[in-house]
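A.B. asks: Listed below, chain by chain, are the residues.
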Amino acid sequence: MNLIGVDVGGTFTDLVLAETASGRAVIHKVSSTPADPSLGVTRGVVELCGKAGLAPGAVDQVLHGTTIATNAVLEHRGALTGMITTRGYRDVLHIGRHQRPEHYSIQQQIPWQARPLVRRRHRHVVTERLVPPRGEVLVPLDEDEVRAAARELRAAGVEAIAICFLFSYLNPAHELRARDIVREEYPEAFVTTSAEVAPQFREFERFTTAAMNAFVGPKVRDYVSRLAARLREAGVGGDLQVMGSTGGVASVAMVAEQPVLTMLSGPAAGVLGGAWAGRLSGRDDLITFDIGGTSADIAIVSRGRFGEASARDTWIAGFPLLVPMIDIHTIGAGGGSIARQDAGGAFRVGPQSAGAQPGPAGYGRGGTEATVTDANIVLGRLDPENFLGGGMTLDAAAARDAVGRFAQRMGLGLEAAALGILTVVNANMANAIRSRTVQKGIDPRDYALVAFGGAGPLHGAEVARLLEGRAVLVPPHPGITSAMGLLTTDLSVDAVRTCFQLSDAMDLPRIAADFTAMEAQIAARFAADGLPAAAARFSRAADLRYAGQGYELRVAWPAEEADAAALLARFHAQHKAEYGHAFPERVVEIVNLRVTGAIPRPHLGAPPPRVGGSLTEALVRRGPVVFGSAEAPEVHDTPYLRRELLPVGAAIPGPAIVLQTDSTTVVPPGCRLTAEAGGNLLIEL
Amino acid sequence: MRDTTPDAVNPVTVSVLQGALETIAVEVGYKLMRMAYSSIIRESEDFGAALTDETGQGLAESAQSTPLQSGPIPGYVKAVLATLAARGEPVRPGDVIMHNDPYGGASHGPDVAFLVPVFHVDQAGEHLVGFSVTTAHHLDIGALTPGSCGIVDAIDAYAEGLRFRAIKVHDRGVRNEAVWQMLRDNLRAPELVVGDMEAQVAASRIGAERMAALVAQHGLAGFRATCAAMLDQAERLMRRAIAALPEGSWRAETRIDGYLDDPARRDLPIVATVTKVGDGLVVDLEGTAPQIPDRPINMPFHGTVDVAVWLTVRSVLLDTAILGHVPVNEGLTRPIEIRAPRGCLANPTFPAPTIARFCPGNQLADTVMKALAQAVPGQVSAGIGNLKVIAFSGLREEGHWVHMEIFEGAYGGRPGQDGMDAVDTLYANTRNNPIEDIESHLPLRVTRYELREDEAGAGEWRGGLGSVREIRFLTDAGTSVEGEGHAHRPWGFLGGGAGATARLSLLGAAGGTAALPSKVPHRAVKAGDTFLCEGPAGGGYGDPFRRDPARVLEDVLDGLISPATARRDYGVAIAGEGIDEAATRALRTGR
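Taken in order, these protein sequences are the chains called P and L.
Going by our numbering, the first residue of the first sequence is number 1, and it counts up by one from there.
Going by our numbering, the first residue of the second sequence is number 1, and it counts up by one from there.
No lab work stands behind these hints: they were computed from the structure.
Everything numeric in this text was worked out from a predicted model, so none of it was measured.
Do not take every clue at face value.
To give an idea of the chain L side of the interface with chain P (calculated C-beta under 7 Å), a few residues [unchecked claim]:
| id | residue |
| --- | --- |
| 1 | Q64 |
| 2 | P67 |
| 3 | W180 |
| 4 | T320 |
| 5 | E330 |
| 6 | R334 |
| 7 | I336 |
| 8 | P377 |
| 9 | N429 |
| 10 | R448 |
| 11 | R472 |
| 12 | H522 |
| 13 | K526 |
| 14 | T530 |
Simulated DEER-style distance windows between Cβ atoms [unchecked claim]:
| id | chain 1 | residue 1 | chain 2 | residue 2 | range |
| --- | --- | --- | --- | --- | --- |
| 15 | P | R134 | L | T475 | 43 to 53 Å |
| 16 | L | G278 | P | E631 | 29 to 39 Å |
| 17 | L | T275 | P | V635 | 32 to 42 Å |
| 18 | P | D285 | L | R175 | 50 to 60 Å |
| 19 | P | R77 | L | E397 | 51 to 61 Å |
| 20 | P | R77 | L | W180 | 50 to 60 Å |
| 21 | P | P558 | L | E397 | 34 to 44 Å |
| 22 | L | V179 | P | H329 | 57 to 67 Å |
| 23 | P | R622 | L | G278 | 22 to 32 Å |
Each residue gets a CB set at the ideal place from its N, CA and C atoms; glycine is no exception.
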């Protein structure tokens, strides 16, 4: 099959074409077209086909990672959104959890108050009320009020409507009825209900998720249908599928209904790409480490499985989001992160970033502040003549000036300051990795760090050393790992139900019935999208906590287990691993049931084995590169090597700098570099 | 502190160590929150986590805990060290120490701390290097009535519940079973409370383990020197901010309700005079009302008063929304000297009771902001609306159910933006409980939770709106209330109007409404009775007649203020869904 992966970033759109039969992969990059990304995507796909000598009609599938939904939220440019909610609770979206984001600030803005997803004038209340434990109807739905609200919202020019009733996760009947009425009154509106998007308790978080789905809905719906149409017009064959935040892809129809599922589309593809690279080296315990200009994305892959974020730790632009996502930890540390001295004299790096404009001083576009990239230039780790394969020349003098000014303020030498910048930014990254490993009972020493993104391979080895790791992998094309990741996943749909059952009085038949119903619901979804539902594989899990606790842990619950004994044992063990303590004598509460349905699809294979190459051929030049610490800089005469000419399988002692078109890899002294036949660079520490 | 000479330690090392200490404190807080059982910790986040050195100097605190919990931790440690030294009892590896003495650093009795000492071993022997500490507000502490808030009629420190003064609940690694049994026998809802305490012990131990590893990595001398440099940096940060203030001394006064149904114990002044002395600040609370010897609204000097002052000074002078992340450690508080006459509300003498000091302390924080407003009018908000805590309790079979809910206040208007609506204010930053959680686990029904319309301090920048919450009892039960802000409106600033006071009513199941004061000792309620709780609104900032008429219109369209209010308070005439420009001009010039 011929698969195309397209990942749209702020500056570039990355594309990769894979022929699953031959294992051949062809990559391509075009400029993004932010005003309408579908233009860049379509052009890129057509160009890529030309480059690969493939007729566009022979493409079988286009898999797409998009930031449309994310950007709409970050820039607060979504649809004019309305809400219909239970009478008495008009301001749940505005009051939130009554907590301020910052403890020590008078002038802060609260995102949901300063930038509401739904303005108060568009939040209408209707008479109805459900109550626990099963969503019994306390007050019936007043349908006339729903009708009147829909008409008023229509008259107000609202484009999208979220229907959010209390306790709808226990009984969605009122929300569904209200949705039908709204559709009758206002068929053009994008309508969403809170229980469809996030059938879990905690009203502020669920309502916000639904409101966000509505807020981004029309934009995403229009975008995916426009893109599908453009690809068709351009003669591109096959269907379009979009990456979701859980690392599965979904149909255009599914994404058009629940765009909120794509919030982490791009980063999720990166994690998948990292996992794919790990497999090329036969490894499945991985830390994926994706560094760009302003931020670093970190995720953990254990035995090939991604960690999923707890629903209570999931935020976009300061808004909570109750949808499943890969657990990706993003910190404000990247190549553009700015070094500064605070008023107390402290040495800080980031989170402020020079971004792409003006960018680091060394980009020669007018930046004057010392950034991480400038530190790498000063130390000789980035070669000004061979940056991005020579596609861009760096201004080393400007970088030295910027770092020099900062060094003077800090009372340090030039090289000590540059090493200090890297030490601080690497320590921040290592702390972020510890928070997802050591703090959760995972020993990072047993994990290989997969370093990618433009800047990941510059920092990977030194960050791994801070974690006492032993191996770093650099994928074949570190700069387009996300696009590769798109080609390694299956179609998937998730379902969740809140259940609230206690381990000492469990209603197993009810749970079994719930699971069966959820699987049927997923199968129906696949069938509705014209997909082979019979091929779907289901995996079950439950969110558990000790009765009384407020946070759940997700534990797998295979269908073949007849009772909950093994489930509870796994929960106690996981609680001990994550929190350092278990309370096996206490009653456990099952809070949610979860099912993921997946339809396998063909994947990007391993690239053809590499052969040949020699150190002599690979050597570009030798030069001084600074390693060591800020207290004791050490200058090493270091070879700059061209990656594609490295000898396969031979161990090369560090220090070395490896050049390629989309990234630069640093191999510090004392490490060993091997270009593996499978395509990765392996750095052993 | 060395203010002119550079630090002896490389600044890179300081930055790396600070990040590592913060990572540990965050981990401890995160784990406590996730392991805890009662909603006051896991949902409201009324807990703290911090690391100190061996003398109790704060090194780092957890970012997600509430300031009133993490802030006092260094004070707890110092008092524990003094108490143990007086008893001749050493701190040893394997100890876990429980402490809640409000006359010994604790914020108040229900905020129980668990301290785990951190030791470093090298050739020279075993060294105490610090403490990993968590604090948390416990649902019950064995006071005269159920719950640990609304104990507004305790007549002395003994009536407030159990007092723990540096009690070793684990001694050299051996669990002191007798103490744990006493806890289980003397606290209501022991399953939850003791479960929370065990979660605290587990979380504190993790912090101690991590901190010991960090010390080992840096070496004892290196660790200590680097910590010293880190505190110096924070101190310099605060001193530079203070040095930038104009010279002067600024006095402010506000009042608390006290006990509105008792003429001798109501309308009590809180006074703060802030004086710049070089690059330091003196905050003098002279003029604050004398202590109430037999009612628990006195504020522990260490644990409540100091934290209230620090919080406000830090939030105004080192606002993190403007500066970005500011490391929180002992260095920040060194330049601030706090004085309060002994025997006043802000420096009570034992055994004056203190358990209900929460709202008075927040009023003190607001008073300090009112004083600072005169020095830096562009960095403050107008007066805040104060908070309220209500305890709900009852019997289920033979055990108690106890629930606490904090009722939000609001911020005053701010330069360039309106006040924050319906949030916790100043030194409190807890969370409400989801309605869907409350009703799933307790015999309560939340029948309304919305913004309180048309009651906000008018200003060029409007005060934040309060909330309205209605909570109905589904069974016969008990309740008690500790709150403030029923009698005195939050202050307006620079021509802004005063905010709105809070109100509390009990709507009887059988009809009839009783208006309640801001403090209600434990009382029985019937199934069907409903609390109607109307939160306060913040003061206005700047002349309301200078508010952009378009903003006034927006507020009218959103139903936040009425057209009549727009006309009266803002001089804006609303016509249909627009502004009557001519009428508005006439109103505004004719004032």
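A.B. asks: None of the hints should be skipped; say for each whether it holds.
C.D. replies: Status of the hints after comparison with the structure:
1. Q64: Status violated, d = 9 Å.
2. P67: Given a least distance of 5 Å, the restraint on P67 (chain L) holds.
3. W180: violated (14 Å)
4. T320: This hint holds: T320 (chain L) lies near chain P, its Cβ roughly 5 Å from the closest one there, short of 7 Å.
5. E330: violated (13 Å)
6. R334: violated (12 Å)
7. I336: violated (14 Å)
8. P377: With a minimum Cβ separation of about 12 Å from chain P (threshold 7 Å), the hint on P377 (chain L) is violated.
9. N429: Since chain P brings a Cβ to about 5 Å from N429 (chain L), closer than 7 Å, the hint holds.
10. R448: Holds. Min distance 4 Å.
11. R472: violated (11 Å)
12. H522: Nearest chain P Cβ about 24 Å off; hint violated.
13. K526: violated (20 Å)
14. T530: Nearest chain P Cβ about 12 Å off; hint violated.
15. P:R134 to L:T475: 43 to 53 Å: Since R134 (chain P) and T475 (chain L) have Cβ atoms about 19 Å apart, the given range 43 to 53 Å is violated.
16. L:G278 to P:E631: 29 to 39 Å: Given about 34 Å between the Cβ atoms, the range holds.
17. L:T275 to P:V635: 32 to 42 Å: Taking Cβ atoms as reference, T275 (chain L) and V635 (chain P) lie about 54 Å apart, which means the hint is violated.
18. P:D285 to L:R175: 50 to 60 Å: Given about 36 Å between the Cβ atoms, the range is violated.
19. P:R77 to L:E397: 51 to 61 Å: Holds - the Cβ-Cβ distance for R77 (chain P) and E397 (chain L), about 55 Å, lies within 51 to 61 Å.
20. P:R77 to L:W180: 50 to 60 Å: holds (57 Å)
21. P:P558 to L:E397: 34 to 44 Å: About 37 Å separates the Cβ atoms of P558 (chain P) and E397 (chain L), which means 34 to 44 Å holds.
22. L:V179 to P:H329: 57 to 67 Å: This hint is violated: roughly 39 Å between Cβ atoms.
23. P:R622 to L:G278: 22 to 32 Å: violated (57 Å)
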